[in-house]
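> As they're listed, the protein sequences go chains A and B. For the first sequence, position 18 (counting from the first letter as 1) is numbered 18 according to UniProt numbering, and the numbering increases by one without interruption. For the second sequence, position 252 (counting from the first letter as 1) is numbered 252 according to UniProt numbering, and the numbering increases by one without interruption.
Worth flagging that the hints you see were computed from the coordinates, not collected in a lab. One or more of the hints may lead you astray.
As the list claims (entries may be wrong) - DEER-style ranges, computed between Cβ atoms:
{"no.": "1", "chain 1": "A", "residue 1": "Ala203", "chain 2": "B", "residue 2": "Asp106", "range": "52 to 62 Å"}
{"no.": "2", "chain 1": "B", "residue 1": "Ala129", "chain 2": "A", "residue 2": "Gly215", "range": "28 to 38 Å"}
{"no.": "3", "chain 1": "A", "residue 1": "Pro242", "chain 2": "B", "residue 2": "Asp71", "range": "35 to 45 Å"}
{"no.": "4", "chain 1": "A", "residue 1": "Ser241", "chain 2": "B", "residue 2": "Gly132", "range": "43 to 53 Å"}
{"no.": "5", "chain 1": "B", "residue 1": "Ser205", "chain 2": "A", "residue 2": "Gly219", "range": "37 to 47 Å"}
From the three backbone atoms N, C-alpha and C, an ideal C-beta is built for every residue, glycine too.
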Amino acid sequence: MSNGKGGAVVTGAARGIGRELALGLLKDGFGVVIADVDPDAGSKTVDELAKEFGDKVIFTRTDVTKRAEVKAAVDACRKTFGSINVMINNAGFNKPEPFLEASEDIWRAILEVNSLGVLIGIQEAAKAMIEDGVKGKIINTASIAGRSGFPDFAPYSASKAAVISLTQAGARALADKGITVNAFGPGVVDTPLWEKLDADLLAMGASSAPGEAMGALAGQILLGRVAKPADVVGTVQFLWSPQSDYMTGQVVLIDGGMILQ
Amino acid sequence: MSARTGVLTGAAGGIGKATTERLLKEGWSLVLVDRDESIKDVAASTQTSGDQKVLGVAADITDPSTYGEIDDAVAEIGAPLKLLALVAGVLQEVGAIETLAIEEWDRVFNINLRANMLLMKHFIPALKAADGAAIVTVSSWYGKSGHGFFGAYCASKAGLISLTHTAADELSKDKIRVNTVAPGNVATSMHLDALTEEAEKRGISFEEMKKTEWDKIPLERAAYPSEIADAINFLAGPDSNYITGATIDVNGGCLFS
Chain A
1 MSNGKGGAVV
11 TGAARGIGRE
21 LALGLLKDGF
31 GVVIADVDPD
41 AGSKTVDELA
51 KEFGDKVIFT
61 RTDVTKRAEV
71 KAAVDACRKT
81 FGSINVMINN
91 AGFNKPEPFL
101 EASEDIWRAI
111 LEVNSLGVLI
121 GIQEAAKAMI
131 EDGVKGKIIN
141 TASIAGRSGF
151 PDFAPYSASK
161 AAVISLTQAG
171 ARALADKGIT
181 VNAFGPGVVD
191 TPLWEKLDAD
201 LLAMGASSAP
211 GEAMGALAGQ
221 ILLGRVAKPA
231 DVVGTVQFLW
241 SPQSDYMTGQ
251 VVLIDGGMIL
261 Q
Chain B
1 MSARTGVLTG
11 AAGGIGKATT
21 ERLLKEGWSL
31 VLVDRDESIK
41 DVAASTQTSG
51 DQKVLGVAAD
61 ITDPSTYGEI
71 DDAVAEIGAP
81 LKLLALVAGV
91 LQEVGAIETL
101 AIEEWDRVFN
111 INLRANMLLM
121 KHFIPALKAA
131 DGAAIVTVSS
141 WYGKSGHGFF
151 GAYCASKAGL
161 ISLTHTAADE
171 LSKDKIRVNT
181 VAPGNVATSM
191 HLDALTEEAE
201 KRGISFEEMK
211 KTEWDKIPLE
221 RAAYPSEIAD
231 AINFLAGPDS
241 NYITGATIDV
251 NGGCLFS
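In isolation and in its complexed conformation, chain B is listed as follows (with noise of 0.2 Å):
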C-alpha cells in the first residue's frame, strides 16, 4: 500500500491510543492531535516500521486557530491526506437538566460537536485532494438514545451522528466515505471516572454503579479500546470500500437500533 496520512484527534486517550497502535499496523502514516502536550512523547513512543511517520500535536480543537500546526504536521509526513479520524470527545459533569449549566452544555458541544464540523471543515479539501479519503466519527449509543444526567453528552453525539450522515451525502461524489463508530460502555478512564460520577450522585458504590451497568450489557462486559480500534480501522480501509453514511454499533448488545 503506498503512503498515506491520517489525522487522529483524542490521540492520548484509552481509544486513541489503541487506534493508534491499528492503524500502525495497517501502515498509516499518522498526525496524532490532543490538547494534552505529553502527545508529542506518546508519538514519539510509537513502533513504526519502514518509512512510517507519527508526529504529535498538541492542539486546542475548539480553536480552528491551532489547525495550522496540524496541517504543518501533515505537510512534513508527506503523503496524502486519507483519513480524518475524529476520536476526541468528553463526558459531561453528570446532572439533571434542571441544573445543567448552561456552560457546561456548551463545554461539551464544543468538544463533541462543533470541533468535529470545524475539523471536518477545515480538513475537506486536503482530503478531496487525495482521491480517495475517509473520515470515521465515534459517537456513541448514548447518542442514539437518551439517558437521565447526560442530556448535553446524549444530545452532543446524537448531534454528531446527523453531522454524519450529512458529510457522507455532501462528500461522496468527491470520494470521501463518511461513517460512524458508535461504542457501548469501553474500558476507558473516562468510562470509569463516569461511573464513579453517576455512583456518587447515585448514592451507592462503584462495584454496584458498574454492576448496575454492566447487567445492562448482554455480552456483560465493557469493550477493550482495541474493539472500538478494529472497527474504526474497519471503516477506514478498503473493506468497507461500499459503506457510507452507516453507524457501526460496538456495544456488546446493550443497544439494538
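For reference, chain A alone in the conformation it holds in the complex (with noise of 0.2 Å):
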C-alpha cells in the first residue's frame, strides 16, 4: 500500500451515515472494510465504491452481536490493509413503540446490537491495534437520543446512552495504549434508519402522514433543516484525523442545534 493511511472498519456501513463515513475514509486514503451484516447491499455498496477506488474497499458480512464475525472483519482489515487504525461502530437500529408497550423483545433487540455491538467492536478492535502497536481511534455511532430519551424510542435512547458511557469507559481503558474513543451524535439524518422510523410512527398513529414524524422534529432544529448523511462526515473526520488527538471520551453533537449542552 503506497501512501495509505492504513485501514478502517465501519460497520453497519452498507447504506446511509455509515456508507458516507466509509466514501469519507475512502477519499481520505484509507483501506475500508464494509462490514454489514446485509450482504446484499453490502456487495451493491463495495461494487459502487470499487469503481472508484478498487481494491482498497472490501465486504465483510457482519453481525456486531457476534464476536467472531466482529473479529473476522477487524482481521480482514489487517490481513488486506496491514493494520487497523480507525474503527467506527456504526451499526443500529431502531423500532418506535409507544412508551407504555415497549416490549421486552425490542429493548433486548436494539440493547444487544447498538450497546452490546459497539461494546465488542471497541474491544475487537482495541486488541487489534494494541498487538499491533497502533495509536488508534475508534469512534462511536452515538444519538442526540443518548443525550435526550424520546418517548416513543425509549429503548433506543437507552440504547445510545450506553454507546456513551462505553465510549468513556473505552477512552479510560485504553487511554495508556495510546487509543482514543470518541462518539459522535447525530440528530435529525435522512437516512433510511429515519424513513423507517418515520413510516413506523406513522403505522403506530403517532403521525398522521407520510414525513410528519420527521418534519415535526426538524421544526426543533436551529438550523431549520434535517441532516444529510454527508453533514456528519466533516465532524467525523476530524474524529479519526490526528487534529483531535487530545480527545478521548468525548461526545461531538451534529445536531444543527437541537440539544444545547
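Given two chains presented individually in distinct reference frames, assemble the corresponding complex, making use of the accompanying hints.
The structure is reproduced here in C-alpha cells:
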C-alpha cells in the first residue's frame, strides 16, 4: 500500500451514515472494510465504491452481536490493508413503540445491536491495535437520543446512552495504549433508519401523514433542516484525523442545534 | 475560497498564536486583537500568502469604545467578516469564595463573560451581513464543573457556555453558527502560572502540583495550543456546517460530560 493511511472498519456501512463515512475514509486514503449484516446491500455498496477506489474497499458480512464475526472483519482489515487504524462502530437500528407498550423483545434486540455491538467492536478493534502497536482511533455512533430520552423510542434512547458510557469507559481503559475513543451524536438525519422510523411512527398513529414525524422534529432544529448523511462526515473526519489527538471520551453532537449542552 | 476576514481576540496568547497560524493556513485574513501593544508586532511577523492580510489592534475588550479600531481594521482588509473567534480570557487569583475579593470576581467576569457578550453584540450586524458566518468561543472544562479556589473562573466559563447556546439559538436564522471549544489543561503560560500559584496555595512544589493535575488526565499530558487551534478551526470552517450550539471538549479525557 503506497501512501495510504492504513485500514478502517465501518460497521453498518452498507447504507446511510456508515456508507458516507466509508466514502470519506476512502477519499482520505484509507482502505475500508464495509462490515454489514446485509450481504446484498453491502456487496452492492462495495461494487459502487470500487468503481472509484478499486481494491481499497472490501465487504465482510458482519453481525456486530457476534464476536467472531466482528473479529473476522477486523482481521480482514489487517490482512488486506496492513493494520486497523480506525474503527467506526456505527451499526444500529430503531423500532419505535409507545412508551407504555415498549416490549422486552424490542428492548433486547436494540440493546444487543446498538450497545453490545459497540462494546464488542471497541474490544476487538482495540485488541488488534494493541497487538500491532497502532495508536488507533475508535469512533462510535451515538445520537441525540443518548443525551435526551424520546418517549416513542425508549430502548433506542437507552441504547445510545449506553454507547456514550461505553465511549467513556473505553477511553479510560485504552488511553495508556495511545488509543482514543470518541463518539458523534447525529440529530435527525435523512437516512433509511429515519425513513423507516417515520413510516413506523405513522403506522403507530403517532403521526398522520408521511414525513410529518420527521418534519415535526425538523421544526425544532435551529438550522431549520434535517441533516444529510454527508453533514456528519466532516465531524467524523475531524475525529479520525490527528487534529483531534487530544480528545478522548467525548461526544460531538452534529444536530443542527437541537440539544444545546 | 474567496476572501474572508476573522476577528480573533486574545491573539497574543498561546492559544491565540496557534489559532492565528492555523487560520492563516486555511486562507483567512485576520484582525488580531489583544490588550498588549505587542500585538502589532505579532501581526507584522505572521506568514501570509497571496492577498491575505493580518492587522493587529491593541484594544481593551471590556471597553466597547475601543472597538472602533477593530472595525477600522476589518474595513481596511475589505473582505466580509465571517468569523468572530473569542479566545481572550483570564484566570483568577486562586482563592476560596470566603476570601474572594469582589473586585477580582468582577475583573474575571468582565473579561471572560461580559466582554464576549459586548463583542458579539457589536459584531453581529457585520456577521449577519456576511451571509454565512461563525462565532467560536473558548470556554473551559472548568465551565462544565466547579472546582475549589476557582469560583469566579468556573462560573464565568459556565456563563460563557450558556451565552454560546443563547447566541446559537438567536442567530441560526441569520446563518451564523455559534459553538464553543472547551479545553482542559493547555500547556500555555496561563496554565503553568496557575499551577505555580495553586502549588503555593497548597504548600506543595510545582512538580507535585503538575503531577496531581496531569495524573487526572487519561492522556497524561496537557494539550498543545495547536490542538485547541485545530478545534477552533474546525468550528470556523465548512466541516462543521451542521453544528451549532455545541461544545467540542478538547481535554485529554479529564472530564466526560
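> Would you say the C-beta atoms of Ala129 of chain B and Gly215 of chain A sit inside 28 to 38 Å of each other?
The hint (28 to 38 Å, Cβ to Cβ) holds, given that Ala129 of chain B and Gly215 of chain A are roughly 31 Å apart.
> Quick check: does the Cβ-Cβ distance between Pro242 of chain A and Asp71 of chain B fall within 35 to 45 Å?
For Pro242 of chain A and Asp71 of chain B the Cβ distance comes to about 37 Å; the hint holds.
> Using the beta carbons of Ser205 of chain B and Gly219 of chain A, state whether their distance is inside 37 to 47 Å or not.
violated (57 Å)
> Could you say whether the range 52 to 62 Å given as a hint is met by the Cβ separation of Ala203 of chain A and Asp106 of chain B?
holds (59 Å)
> Taking the Cβ atom of Ser241 of chain A and the Cβ atom of Gly132 of chain B, is their distance within the range 43 to 53 Å?
violated (24 Å)
Violation of the numbered hints given earlier is confined to hints 4 and 5; the remaining hints are satisfied by the structure.
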